[in-house]
Amino acid sequence: MSKLKQSVTKENVVQAILVADTFEDEFVPISNNLPLCLFPVVNKPLIDYTLEFLSLGGVEEVFLFCCNHVNEVKSYIRKCIDEAVGWTLTMKVQIIVSESCRSFGDCLRDLDAKGLIRGDFVLLEPGVISNINLLPLLKKHSEILQNDKGAAITLVFQESALGHRSLCPQDESLVAYNNKNRVLFHKKIQKSRDKKAVFPIFQEIFLENSSVSIQHNLRDTHIAICSSSVLPLFSDNFDFQTKDDFIKGLLINEEILGSTIYCHILKGSDYGSAINNWRMYQAISLELKNKWVYPIVPPTKRNRVIPEDSIYSLSSVMGLNSTMYRSVIGSNVTIGEGVKIQDAFIFDNVHIEDDVDISLSVIGPGCVIKKGAKITVGSILGQGVIIDENVFVENTLVQNRPSEDVLAQPEDKIGEFAYRLRACEDEEDLNVDRILAQKFSRLHIHDESYECEYDSENELSDSSEELSHTYSPPPDDTKLFFTEVIDSLTRGYEDKLPCDNLILEVNSSRYAYNVTLREVNYNVIKAILIISQKLPSGTQYFSVMTQMLCYFSPLLKNYIKNEAAMVDCLQAVEDVAISESDLKDKWIIFLLKYLYEKDFLNEESILKWFATLKEHTKLHTQVKPFASWLQEAEEEDSSEEDESE
Amino acid sequence: MTIPAEFQAVVLAAGKGSRMLEFTSGKPKCLLPIGSKPLIWYTLSKLQKSGFTEVIMIVLEHQKTEIQSAIDIEIEKNTLNIKIDYVSVLDDKDDLGTADSLRLKEIQEKLKSDVLILSCDLITDVDLSGVLNTFRKYNASVTTLFFHSQNLEHSVVPGPKSKFKPEKDLIGIDEQNNRLVFLASASDFEEQVPLATNLLKKHPNINIYSTLVDSHVYVLKNWVIQYLKSEDNFMSLKGELIPYIVKRQLSKVPKSTDTNVSVVNTKDSNDIFSFAVEDQLEVDIREASPYSYHKGNLGSTYSDDPIRCYSYIAPKGSIGVRINTLPAYWNINGKIHEIWERVSNQTEMINKSQTAEIKSNQIDDKCIIWDEAKLFEKTSFKNSIIGAKSTVNSFSRVFNSIVMNNVVIKEKVAIENSIISDNVVIESGSKIKNCIIGNHHQIPEESEHINEILTEALMHF
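Listed in order, the protein sequences are those of chains D and H.
Numbering (full-length UniProt numbering) for the first sequence: 1 to 645.
Numbering (full-length UniProt numbering) for the second sequence: 1 to 461.
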């Protein structure tokens with residue numbers, strides 16, 4: 001035994017574990033055909049950057065854990081070794097395959113069982129791109145271990161200004177650590193995108209440490225230095241699915257597990273980040289292009305950098321009068337004339353015909369986009385999609401074959417090789433968090449949205465100035481309330497329960513979650529509208545919807561009592577109309593007309609609301625005819641309107 | 001016409017020393033002997049060193065003469081050269097808070113510039129320029145001075161044994177720019193400390209300290225004094241006013257304060273923001289400034305906050321103590337020889353007053369004998385302070401003790417490790433060890449006391 005131990009220490013090889021799969025459907029539909037690690041990032045496969053970073057960082061042995069598309073990854077690695085790519089000279093890459101693993105935690109448990117890891121090691125989550133030297137970090141970690149036997153993991157963070165494109169709001173977290181860099185508190189804020197006015201932190205954290213740093217501007221690099229105890233910890237706690245679970249579990253059960261967490265904060269020219277959603281894909285591509293990750297840089301040989309911050313592969317052809325802005329064009333792409341490409345990523349072998357307009361979108365490999373098509377705002381096209389002439393695609397995921405999902409609807413078909421993919425609704429429970437998360441993970445549309453929220457939040461807590469900790473409903477509860485209302489109403493509608501019972505139910509949930517009256521109004525209306533979305537579509541749709549609204553009318557009557565409630569109701573209509581990408585045509589007009597005719601809404605509030613809508617948006621154009629009809633009616637018959645008020 | 005001073009200094013000396021009533025009842029706290037000087041001397045000489053020639057001092061009416069004469073003695077001795085403007089307050093109310101005393105009409109009329117406020121009980125070697133410069137640098141509304149807590153423990157504190165538990169503050173400072181963003185007493189919270197989200201958003205990198213000590217040195221913009229006048233609810237600076245301002249600096253400015261004057265006058269005239277109005281020049285300067293407030297943030301300088309609180313943390317290893325508790329008082333006196341040079345601004349330490357009548361020959365170097373003290377033959381002193389006009393008769397010894405003014409110690413008395421307040425008479429043959437004897441107390445002949453507090457003032461405890 002001791003002999004074995006000696007031989008192990010003698011080797012003292014620096015090891016790293018790289019998990020290649022995300023186990024989430026962030027990158028659907030492109031990830032259906034292409035593993036994340038082979039995604040081109042500024043025309044080089046992602047894994048190339050990661051491996052180059054590891055070898056420059058001092059790692060000698062990498063365990064690459066693969067669950068999907070194993071053969072592609074294997075052959076790519078083999079190709080690299082054959083071509084003697086830089087990193088192959090100093091580093092050994094072992095591919096470990098297990099198709100049964102369903103989470104990050106499973107992979108680590110599997111590795112623990114294999115017993116390949118000997119000492120401290122570097123742990124990478126999928127998609128890491130960085131330029132840091134890992135050896136000093138490993139050394140620091142082992143020094144910490146000498147003072148604190150329970151030190152399990154050193155998380156590596158990078159400072160990043162709030163609202164910066166590379167600080168994904170989804171990853172926004174609050175970290176508190178003491179002057180020895182021991183993490184005392186860690187919470188992901190985005191998980192619920194909650195607007196809590198306060199963050200409670202246990203006071204003992206402050207009293208036990210002379211000073212505690214609280215940072216809100218940290219970006220998780222998804223790199224961690226681990227002690228050998230980490231893998232057994234995953235094995236012992238089978239509920240640890242992700243690294244976040246691991247951190248949370250360790251902090252909560254510090255005494256039971258006897259393990260502690262440390263952190264390291266990158267400063268200066270050190271860079272670390274991970275591509276775990278499209279937003280980060282965009283941000284990191286831009287930073288790679290601008291050489292922020294030096295010496296890790298995109299390939300320069302086969303690429304041409306053109307003005308306006310774009311890069312395109314030399315093997316691609318671009319037609320006359322075509323413009324590009326902040327975009328990356330892969331190899332063998334043909335672009336016709338008069339094409340506009342802005343903030344877009346075009347993968348290999350794409351064919352774009354004349355007068356196409358692409359912005360803030362990702363075009364998967366082998367797509368064909370025919371003349372005059374327009375693809376905008378966070379659309380993702382999977383492999384081999386063909387978009388027909390003059391088709392308009394906005395904020396949708398598109399794949400080249402019909403979805404096998406039961407929920408798939410005939411109108412999801414955009415073209416013969418283009419089908420809309422429903423990413424959120426295939427979940428049984430309609431999870432608001434997920435929708436939000438999805439929304440935020442799409443390509444980044446400048447900073448405006450963030451700033452607005454920041455301001456409104458400010459205002460929120462302003463009004464609650466005096467005693468901010470008594471500030472009422474934590475939005476978490478509001479969301480729970482919302483899901484509960486949806487449940488109640490769906491069940492009520494299916495079983496045709498009397499509406500009075502539903503009102504009782506809603507009110508009792510209201511008190512259980514301590515939700516304000518206005519939020520109740522808003523959420524009930526929103527719930528009804530969301531349910532209306534799930535009705536079977538077809539010619540019968542509107543008559544079924546009328547029936548449904550009729551059924552719910554006692555509820556509507558109960559909650560839309562005054563002007564303020566009407567405002568809330570319209571807000572709900574607006575939010576649903578904007579967030580639901582595939583509304584039936586005329587849905588909104590139909591709804592507004594119904595609510596108006598049944599006297600739930602009056603002209604004045606509708607017109608007021610209409611005035612707040614931004615012009616030239618889809619919603620605005622949809623509502624416009626109705627609003628102008630109302631205006632005319634008002635002019636003709638103003639006396640009656642006074643009465644109805 | 002004279003140019004107004006940049007800062008006006010106000011020393012708050014009307015405190016009663018409520019945390020150490022055992023020996024401060026009947027004597028102004030600011031005159032407690034520390035080494036060879038009364039406590040207030042240290043603050044005044046610090047101000048003098050920082051360039052102040054005038055200081056406003058708030059004292060209690062009935063203590064005014066006593067304090068004035070004590071300070072005049074120092075001025076005569078030429079160890080102080082500063083003009084003092086006494087403002088006396090009546091002692092009719094139970095407790096006049098520190099904020100209350102600044103609200104006095106007399107004070108309000110005198111304060112025309114920005115104000116430096118000190119308490120009378122500070123002993124430090126930290127230069128005041130640090131906190132003043134922080135105030136200047138950020139054009140701050142409020143600037144505070146903090147010390148790292150330091151261990152000055154010296155020897156057993158007299159009196160009954162008790163566990164001394166210091167009050168802890170939670171102090172949050174933006175690591176990148178010294179902005180003071182959170183200030184609360186640890187006792188304000190039970191289990192959890194709620195941190196406002198807008199605080200975390202605005203200041204993404206905060207350090208929260210639990211071991212810093214507030215020096216009660218505050219630099220305030222003049223508007224804060226004006227604001228105080230209109231706001232009756234604040235009793236103390238430390239407990240209420242400063243935490244309130246620290247909190248309000250994060251809130252958004254109510255709109256149209258400067259454009260529409262009538263709104264200000266009618267609606268929110270008591271709102272803090274109607275006082276904290278920057279003049280156009282300050283706004284222009286701030287807007288033109290390229291100063292990056294947070295690394296990587298291209299937002300406006302100071303995020304356009306008109307109220308800004310900053311803090312200056314004294315460098316580690318410096319001395320900074322407030323003499324407001326018995327242990328603090330005891331420990332500083334025990335250490336005064338070690339730290340004298342650092343806290344006294346290079347004034348010469350006079351161990352034995354010229355006017356003292358010393359016939360004893362058993363006095364060690366660490367003893368400090370005040371003016372007109374009378375020490376008879378065959379007395380013995382070690383490491384003690386003998387106050388002015390005190391008398392120690394033959395065959396008595398005083399070890400490790402503080403004897404204040406006008407004390408009479410008869411023959412064959414043994415005093416060890418004790419504090420003897422003013423006007424105490426100790427009859428012959430008594431043995432006192434680890435005791436605190438209050439003002440005007442009389443110790444009968446042949447009595448023995450160990451670990452006791454002997455005073456009338458403590459009856460109500």
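One or more of the hints may lead you astray.
As the list claims (entries may be wrong) - Lysine to aspartate or glutamate pairs mimicking EDC-like chemistry, simulated, CA-CA at most 16 angstroms apart:
(1) H/Lys-168 <-> D/Glu-72
(2) H/Lys-165 <-> D/Glu-287
(3) H/Lys-168 <-> D/Glu-632
Claimed, not checked - Negatives, chain D to chain H, calculated, CB over 12 angstroms:
(4) Glu-172
(5) Leu-174
(6) Ala-176
(7) Ile-214
(8) Asn-237
(9) Lys-291
(10) Arg-304
To be verified - According to the in silico footprint, chain D covers these stretches of chain H (three or more CB under 8 angstroms from chain D):
(11) 179 to 191
(12) 393 to 405
In short, the hints are calculated from the structure, not lab data.
Every residue, glycine too, gets a C-beta built ideally from N, C-alpha and C.
Against the structure, the hints come out as follows:
no.	hint	verdict
1	H/Lys-168 <-> D/Glu-72	violated, 61 angstroms
2	H/Lys-165 <-> D/Glu-287	violated, 53 angstroms
3	H/Lys-168 <-> D/Glu-632	violated, 69 angstroms
4	Glu-172	violated, 10 angstroms
5	Leu-174	violated, 6 angstroms
6	Ala-176	violated, 8 angstroms
7	Ile-214	violated, 5 angstroms
8	Asn-237	holds, 26 angstroms
9	Lys-291	holds, 17 angstroms
10	Arg-304	holds, 31 angstroms
11	179 to 191	holds (count 4)
12	393 to 405	violated (count 0)
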